[in-house]
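Chemist: Sequence:
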Amino acid sequence: MTTNVQTIPSTWTVDKDHSNVDFEVKHLMISTVRGHFRDFDATVFIDEDEPANSRVIATIKVASIDTRVADRDAHLRTDDFFNAEAYPDLTFQSTKLEVLSGDKFRLAGNLTIRDVTREVTLDGEYEGRIVDPWGNQRVAFSARAEISRQDFNVRWNQALETGGVVVGDKVKIRLYIEAIKHAV
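Residue numbering for the sequence shown follows the working numbering, beginning at 86 and increasing consecutively.
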């Protein structure tokens, strides 16, 4: 007789002081504007016996957007872009983890921006695991994705006389995550 033994995933909380949620988008069709979100939370559930069963839940505070230009950040918080008042959070819930060769993985999940939820796939890399000087277990991952902002009703733009637009549609997302394991 066989018994199915189900493992309990370990729970890890993102260390915001050592993690980044970054993005970049084209400006005037020729240059790139970079920014990040300063306030975010995420919990990672890692199933070490069956890594494909691991999952992530994350929330990003829209009001924490920072592109180093206060007027631009204020505009990004308005209804022209994110509408931080009506939709204060961006959320991500993973739906599938595919372990690839080496330390590479692909994480699919539902990203919600404003009132729109779309599936997004992140290409990631396991960066390592360590016990820090205070006895905490830490793990790190990096991941990237590209989304269309128009797919999420972030549509403001202005046409240029020479052709093209002020703000590009494609947004590159870069995540650098360090997480601390919860004590059992």
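To be clear, the hints were calculated from the coordinates, so they are not data collected in a lab. Some hints could be false.
Unchecked claim - Computed list of lysine-lysine pairs in DSBU-like fashion (alpha-carbon distance at most 30 Å, straight line):
#1 Lys146 <-> Lys181
#2 Lys255 <-> Lys101
#3 Lys257 <-> Lys101
#4 Lys266 <-> Lys111
#5 Lys189 <-> Lys111
#6 Lys255 <-> Lys189
#7 Lys101 <-> Lys189
#8 Lys111 <-> Lys255
#9 Lys146 <-> Lys189
#10 Lys257 <-> Lys146
#11 Lys146 <-> Lys101
#12 Lys266 <-> Lys181
Said to hold, decoys possible - Cβ pair distances, simulated, as ranges:
#13 Leu245 <-> Ser104: 19 to 25 Å
#14 Ala193 <-> Glu246: 36 to 42 Å
#15 Arg240 <-> Ser186: 23 to 29 Å
#16 Ser104 <-> Asp132: 37 to 43 Å
#17 Ser95 <-> Leu245: 49 to 55 Å
#18 Leu245 <-> Thr202: 47 to 53 Å
#19 Gly187 <-> Asp165: 20 to 26 Å
#20 Asp124 <-> Glu204: 20 to 26 Å
We put the CB at the ideal spot given by N, CA and C, even for glycine.
Chemist: Look at each hint and say if it fits the structure.
Modeler: Each hint tested on the structure:
Restraint check: the Cα-Cα separation between lysine 146 and lysine 181 comes to about 24 Å, which is no more than 30 Å; the hinted pair holds. The hinted pair formed by lysine 255 and lysine 101 meets the criterion: a straight-line CA distance of about 26 Å does not exceed 30 Å. Simply put, lysine 257 and lysine 101 have alpha-carbon atoms about 20 Å apart, close enough for the 30 Å limit, and the pair holds. Proposed proximity of lysine 266 and lysine 111 is contradicted: the alpha carbons are some 37 Å apart, above 30 Å.
Taken as a hint, the lysine 189 and lysine 111 pair is honoured in the structure, with Cα atoms around 28 Å apart against an allowance of 30 Å. With a C-alpha separation of about 24 Å, the suggested pairing of lysine 255 with lysine 189 holds against the 30 Å cut-off. The straight-line distance between the Cα atoms of lysine 101 and lysine 189 is roughly 23 Å, inside the 30 Å bound, and the hint therefore holds. This hinted pair checks out: lysine 111 and lysine 255 have alpha carbons roughly 8 Å apart, not beyond 30 Å.
Simply put, lysine 146 and lysine 189 have alpha-carbon atoms about 28 Å apart, close enough for the 30 Å limit, and the pair holds. Of the supplied pair hints, the one linking lysine 257 and lysine 146 holds, its CA atoms being roughly 18 Å apart against a limit of 30 Å. Simply put, lysine 146 and lysine 101 have alpha-carbon atoms about 13 Å apart, close enough for the 30 Å limit, and the pair holds. Taking the CA atoms of lysine 266 and lysine 181, the gap is near 21 Å; set against the 30 Å cutoff, the hint holds.
Between leucine 245 and serine 104 the beta carbon distance is about 36 Å. The supplied range of 19 to 25 Å is therefore violated. Between alanine 193 and glutamate 246 the beta carbon distance is about 41 Å. The supplied range of 36 to 42 Å therefore holds. At about 39 Å, the beta-carbon gap between arginine 240 and serine 186 misses the expected band of 23 to 29 Å. Serine 104 and aspartate 132 have their C-beta atoms about 21 Å apart, which leaves the hinted 37 to 43 Å range violated.
Separated by about 51 Å at the C-beta atoms, serine 95 and leucine 245 satisfy the suggested range of 49 to 55 Å. In this structure, leucine 245 and threonine 202 break the distance hint of 47 to 53 Å, their C-beta atoms being roughly 32 Å apart. For glycine 187 paired with aspartate 165, a C-beta distance near 42 Å fails the hint of 20 to 26 Å. In this structure the hint that aspartate 124 and glutamate 204 lie 20 to 26 Å apart at CB holds, the actual value being about 25 Å.
Hints 4, 13, 15, 16, 18, 19, counting from the list given before, are not met by this structure.
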